[in-house]
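Residues per chain are reported as follows:
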Amino acid sequence: MSNLSEKAKGLLENKVVNVVIGYEEGPAGITRPAFITDPVKADKLVYHEKCLQNLAVYLTKPEVKKLGRMAITATLPVMRSIMMLISEQQVTSDDIVVIGISADAKLLDIPGIDVMQGIIEKSDLANPSKDRDILAELNKLGPKERFEWWEKELSKCIKCYACRQACPMCYCTRCAVEVNQPQWIPVQSDIQGNMEWHILRAMHLAGRCISCGECGRACPVGIPCHLLTMHLADQTFRYFGVHAGTSDKMKSVLSVYEPGDKENFII
Amino acid sequence: MGKELKRIKKDSLERLYNHLSVNRRIYAPVRTPDNKVEYRYNPAFADVTFDHIRSTLSVKNLVFPKVENLLYYTVTKTETTVAEADVNKIRDVVLWGAHPCDAAAYDILRSIFCWDIIDTYFLKRLEKLVVIGLSCKTADEYCFCTSVGLSPDSSKGSDILLSPLKNGDFRAEILTEKGSKIVSSQPSLFEEYPGEEILVAEVRKKFDSDLVTKNLSANFEHPFWIENSLRCLGCGACAYVCPTCACFDIQDETKGKNGRRYRSWDSCGFGLFTIHTSGHNPRSVQSQRWRQRIMHKFSYMPERNNSLGCVGCGRCSQGCPVDMNIAEQLEALQSI
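If you read the protein sequences in the order shown, they are chains C and Y. Per numbering that gives the first Met the number 0, the very first residue in the first sequence carries number 0; after that it's consecutive. Per numbering that gives the first Met the number 0, the very first residue in the second sequence carries number 0; after that it's consecutive.
Don't read these hints as lab results, they were simulated from the structure. Possibly wrong hints are sitting among the right ones.
[Unchecked claim] Straight-line Cα separation of at most 30 Å, DSS-like style, residue types lysine-lysine; simulated pairs:
no.: 1; chain 1: C; residue 1: 155; chain 2: Y; residue 2: 88
no.: 2; chain 1: C; residue 1: 151; chain 2: Y; residue 2: 35
no.: 3; chain 1: C; residue 1: 155; chain 2: Y; residue 2: 127
[Stated by the list, open to error] Derived, one-sided and incomplete: chain C residues facing chain Y with beta-carbon distance under 10 Å:
no.: 4; residue: 30
no.: 5; residue: 164
no.: 6; residue: 173
no.: 7; residue: 175
no.: 8; residue: 219
no.: 9; residue: 220
Each residue gets a CB set at the ideal place from its N, CA and C atoms; glycine is no exception.
With the hints as extra help, turn the sequences into a complete structure.
Laid out in C-alpha cells, this is it:
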C-alpha cells in the first residue's frame, strides 16, 4: 500500500475525516476523481503524472460536503485553490485536511494553513511553461489577428459549460449566464454568444485564476480557454505584483483599492 | 422496399461524392490538425476520412441545430407583428459517412420530436436529409452499440450503407427510396456485388439493456446514484455531444423593436434545468440529474417511446472531463 493510501486509511480509521478526495484508476484506463469513505478501499487511491484534475472543485459541491469532514489530495494548484476558497469564505481551514503532494510526487505534511502557505510561497507560481510559450506567440500577433484566432477557437464552443463546472473558483450556485431577467449574456451558442461567455468568464477569474488549466482540459471540443484566464493571471502579477491563491487572507486585487496600486494602465 | 446490394469501387466512390456535392450541401467527416474528427460542409474528397471511430460531436445538428430560429417579431406602440421561421427555406443535405450509431439516432430523435405534436422544424430537416452510412471497420473501448440493439454494420437510419471490403472497394446497401434515387442518378458507378465479406469491427456486448431497463424502474431510490455521481461536475458535455439528447431551451432576444424567438440545446445535467418559478428545484442535487440522464434513456424511453434513448456511440464517456463512463454504470446496473 502506498504512503498516500496509508495516510488516507489512517485518517478514515481514526475518524479524523469522513471522506478522502483523491484519484483512482477507472476501468477504461482513465485516472479520475475518487471519494473514499471506507478505510478498506483506501488502497484504490493513486498518484502519478496523469492525476491532473483540480480536485478542489469538489470542496464546494453540496453532495460531497454532505459526507462530512474532508481530506483532499493536494498538488500545488489544489493548494492554491484551497487558499482562494478560504480567502473568499467558501471553505474554512477547519473543514478540510490537506494531504499535500510535492512536485516530485512525495507526500507533504501539512498540519496547518501556515505550513501550506510556506510551501506555496516557495513554489514556482508562474503559468506552466507550455502555456507561457503559446501565450507569448499569441501576444506577438496584432490585435486583429489575435481576435480572429480567438474567434476561430471560440466558434467551436457548444456552451456545455464544462469550463465553468470544472473550475474550483466558479462556485456560484447561479451563474450570471443563468440570470435571464435581464438576460446579460446571450444564451445561444453562436459566435457572439460564445465570445461574450468566454470574455465574461475570463474577467470573473482575473486575479482569482490559479493557473491550473482545468477549464481547458475539461473542454470536450478542445478549446484552449485556459489561455484567457492564464493571460489575466499574468497581467495581474504584472500590474499588482500578486499571484492568486498564495494567502488565506488575500483580497481580490480587482475588488480592492490599495494606495500603492500601479495606475499606469489606466487611460 | 427490400434492400439491394451493389459494389462500388474506391474511385467510383469519389465520383459519387463529387456528383452529390454539385449544387448541394454534403456533410462529411474530416480529421483536424489536432487529430480530432469533425464534420464539415463540402470538404474535398481527399480530406474525407473513412477510418475514423467517432467524431467529437454527433451529427444531430443537421436535424436539431444548436440554435434554431422559430419566429421573428416586431413590436411598435400600436401593434406586434409575428412571422414564423420559414421551414421551406430548409435546404437539402447529404450526410456522408455517418457510422451506424449516428444514423440510427435519427429514428430515436423522431420518436421524441414527433411523439405527440409534430415538430415541423425537425421533421422538415429530416425529410431534407439523405444519409449515406459507413459501417465501422474499427471500434474502441468506448463503443457499445451491440449492447443497445445495434451493430457496427447496422443499416438502421441509412439510405445507403457503405461497408468496406478487403480490396478497398465498398459494398453498398441500397435501403430506401432516397438511396435508390442516388443510385439511379449514377447507375454506372454501382456494379454487381459478388458476395465478398465485409470488414467489420468487433464490439463486445457489455450489458443486457432489457435487464437494465427492468432494474431501473425498481431502483429510483438507491445509494448507487449518489455513490456513482459524486465526481460528476454538472456540465452539459455529455448531453451536447450525444446524438439523441434532445432537450432545448426557448429564448426571446429583442434588439430595439425587432426580435426573434429561438431554441438552443439544453441539458438535464444543469442545476437550473428543472428550477421552478417558486424557487423549488425537484432535481436540486447532481445525483438526481445523473439518475435522470440514465433513467430517461434506459427506462422512460423504452416504456413510452418503445425504443432505447441511446445508440452506444460512447461520445458522452469520451467527452466527459471526469470519466463518467455510462457503459460501466449500465453494466453495474444489471446487478443492482
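(request) Double-check residue 220 of chain C for me: the hint is only fine if its C-beta lies closer than 10 Å to a C-beta in chain Y. (result) holds, 6 Å
(request) Let me know if the C-beta of residue 175 of chain C comes in closer than 10 Å to any C-beta of chain Y, holds or violated. (result) violated, 12 Å
(message) Hint residue 164 of chain C vs chain Y: min CB-CB distance below 10 Å?
(response) Interface hint status for residue 164 of chain C: holds (4 Å vs cutoff 10 Å).
(request) Could you check if residue 219 of chain C really has its C-beta closer than 10 Å to a C-beta on chain Y? (result) holds, 4 Å
(request) Measure nothing beyond the straight line between the CA atoms of residue 151 of chain C and residue 35 of chain Y; if it is 30 Å or shorter, mark the hint as holding. (result) holds, 16 Å
(request) Below or equal to 30 Å on CA atoms is what counts here, so check residue 155 of chain C against residue 127 of chain Y. (result) It holds: about 25 Å lies between the C-alpha atoms, which stays within 30 Å.
(message) Checking hints one by one. Is residue 30 of chain C an interface residue toward chain Y, by the C-beta closer than 10 Å rule?
(response) At 8 Å from the nearest chain Y Cβ, residue 30 of chain C passes the 10 Å test, so the hint holds.
(request) Return the status of the interface hint for residue 173 of chain C: holds when the least beta-carbon distance to chain Y is below 10 Å, violated otherwise. (result) holds, 7 Å
(message) Hint check: residue 155 of chain C vs residue 88 of chain Y, CA-CA at most 30 Å. Holds or violated?
(response) Holds - the C-alpha atoms of residue 88 of chain Y and residue 155 of chain C are around 25 Å apart, at most 30 Å.
In summary, the one numbered hint that this structure violates is 7.
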